[in-house]
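Novice: These protein sequences, in sequence, are chains P and D.
Residue numbering for the first sequence is 43 to 417, as defined by the numbering used here.
Residue numbering for the second sequence is 127 to 213, as defined by the numbering used here.
Worth double-checking, as some hints may not be accurate.
Straight-line C-alpha distance at most 30 Å; calculated DSS-like pairs for lysine-lysine [said to hold, decoys possible]:
#1 D/Lys138 <-> P/Lys106
#2 P/Lys325 <-> D/Lys138
#3 D/Lys178 <-> P/Lys63
#4 P/Lys345 <-> D/Lys153
#5 P/Lys233 <-> D/Lys132
#6 D/Lys153 <-> P/Lys63
#7 D/Lys132 <-> P/Lys204
Short derived list, chain P residues pointing at chain D, Cβ under 7 Å [to be verified]:
#8 Phe45
#9 Met46
#10 Tyr48
#11 Glu53
#12 Lys63
#13 Cys65
#14 Ser67
#15 Ile69
#16 Gly144
#17 Glu166
Hints are computed from structural coordinates only; laboratory data are not their basis.
All residues carry an ideal CB built from backbone N, CA and C; glycine is no exception.
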Amino acid sequence: MNFMGYNTDRENGYFQYLHNKSCSSGIPFSGTFELTSRCNFNCSMCYVHSAGCSKEYLSADDWKNIAGKAAEHGMLELLLTGGEPLIRDDFDKIYLSLIEMGLVISLNTNASLLTEEKKKLLAEYPPARMNISLYGADNKTYENMCGVPAFDTVSENIIWLKNEGIPVKINSTVTSKNCRDIEKTIDFAKKIDVPIKNTTYIFPRSREYHSDKNYFDALLTAKESAQCRMRFLEYSKTRGEFYDLCRRMTSGIETENVHACSEDGLMKCRAGKDSFWIDFSGKMSFCGLVPGKFDVLSLGFEKCWESVKNQCRAIRLPSECDSCPDKSFCGVCAASCFCEKGVFDKVPDYMCEMTKTMKKIACDYSIMSEGDGIV
Amino acid sequence: MFKLKKTVVVRKIGDDYILVPVGKSSKDYKGVFSLTPVAALIIDMLNIGAQKEELVNSVTNEFDIDETTALKDVEIFLERLSEIDLI
Numbered sequence: 043m044n045f046m047g048y049n050t051d052r053e054n055g056y057f058q059y060l061h062n063k064s065c066s067s068g069i070p071f072s073g074t075f076e077l078t079s080r081c082n083f084n085c086s087m088c089y090v091h092s093a094g095c096s097k098e099y100l101s102a103d104d105w106k107n108i109a110g111k112a113a114e115h116g117m118l119e120l121l122l123t124g125g126e127p128l129i130r131d132d133f134d135k136i137y138l139s140l141i142e143m144g145l146v147i148s149l150n151t152n153a154s155l156l157t158e159e160k161k162k163l164l165a166e167y168p169p170a171r172m173n174i175s176l177y178g179a180d181n182k183t184y185e186n187m188c189g190v191p192a193f194d195t196v197s198e199n200i201i202w203l204k205n206e207g208i209p210v211k212i213n214s215t216v217t218s219k220n221c222r223d224i225e226k227t228i229d230f231a232k233k234i235d236v237p238i239k240n241t242t243y244i245f246p247r248s249r250e251y252h253s254d255k256n257y258f259d260a261l262l263t264a265k266e267s268a269q270c271r272m273r274f275l276e277y278s279k280t281r282g283e284f285y286d287l288c289r290r291m292t293s294g295i296e297t298e299n300v301h302a303c304s305e306d307g308l309m310k311c312r313a314g315k316d317s318f319w320i321d322f323s324g325k326m327s328f329c330g331l332v333p334g335k336f337d338v339l340s341l342g343f344e345k346c347w348e349s350v351k352n353q354c355r356a357i358r359l360p361s362e363c364d365s366c367p368d369k370s371f372c373g374v375c376a377a378s379c380f381c382e383k384g385v386f387d388k389v390p391d392y393m394c395e396m397t398k399t400m401k402k403i404a405c406d407y408s409i410m411s412e413g414d415g416i417v
Numbered sequence: 127m128f129k130l131k132k133t134v135v136v137r138k139i140g141d142d143y144i145l146v147p148v149g150k151s152s153k154d155y156k157g158v159f160s161l162t163p164v165a166a167l168i169i170d171m172l173n174i175g176a177q178k179e180e181l182v183n184s185v186t187n188e189f190d191i192d193e194t195t196a197l198k199d200v201e202i203f204l205e206r207l208s209e210i211d212l213i
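With the rest of the complex left out, here is chain P:
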């Protein structure tokens, strides 16, 4: 008889089963703690970072106490993010207290602040995964995008993490300032055998508005964003895989893209069903891209979680999206509607135009693939 299963794959299998059960019963299985808004980079498209801010709103003990309460209610997965979480002087204290709680911890980082001390910490107490934001493929692009020529440091640190056996995933955000490097970043990831994901859709800032010229300069048009996304998909997949994806996109067959609009207009993602986000000031939201309303320190974890679940149950996405033939690969979600339109039930125009352009490109490739005899 098998009494015990050993489960390492967080994308499938047992974890998926736990997610599904947690969603059904409203257990806050998956949490994100935005430990700080501070960052050593100054990326123009960032929705969190406030340049010049030196204040930490929540102490190490605050985060530890919140994690304890969340774990009591069923949190198993915890993502630590920022800003740049490693910038906190007390990061080690926070991390060590959390790692003793029986949580599966992942860390979002720009990987530029891995000092020898931090490397020792992560080697001794490895997280389940490190998600590294990769902003380009050389120091010049990094300087242009983040204000710091950090590619050499970041790439060395990614390789160190990989060699240390710590699971690493690269996340690449594409703007007008680094779109030339799409293929080079994929080459880098392939060379060191690390999975890479990219996003070309920049959520408009809904949490804090800046009239920052750099922000608007960094934005791609919807058409450019679609072209960059398709460039990424074409270059990162085999020719057969890419053509197959294009055919699926043109024929409305569901793709690997997460789409968040169900037929009754309800949110389809796990936000507010089994996952939550607590921002750097201690406000809970269902998603980091939507401003948090519920203060965890004053209201308590349980009350905030109940409020977030109720908030999500009431959200309806645009009815037009329900019947859209492109919904199988469109990235529309509650956050994109809110960030673009300020409400949840209006079609986000930029996202819509991006999707239609991607479909047009996919159609062209599908025709091309028939000509090539790849069917």
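Model the placement of chain D on the given structure of chain P, informed by the hints.
Specialist: Same frame as chain P, now just chain D:
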């Protein structure tokens, strides 16, 4: 006396029991252990410390299972836990 090592903690998520590595043991175990209801009962007792006979008694009391089968199951499970250095 068998006792669960402090390298893992037992987590209950809904009605599922999970063993999660803590501290430095997250380097040795790159995942979590899911437990069947019988295993969860045994682990719960091993958290405090228990003799083999106590484990068998609890299993026969809680589940529709005869003593011979329970003893065999407990022994297999303890052996497995010992193999992976959890007791």
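Novice: Hints broken by the structure, by number, lowest first?
Specialist: 3, 4, 5, 11, 13
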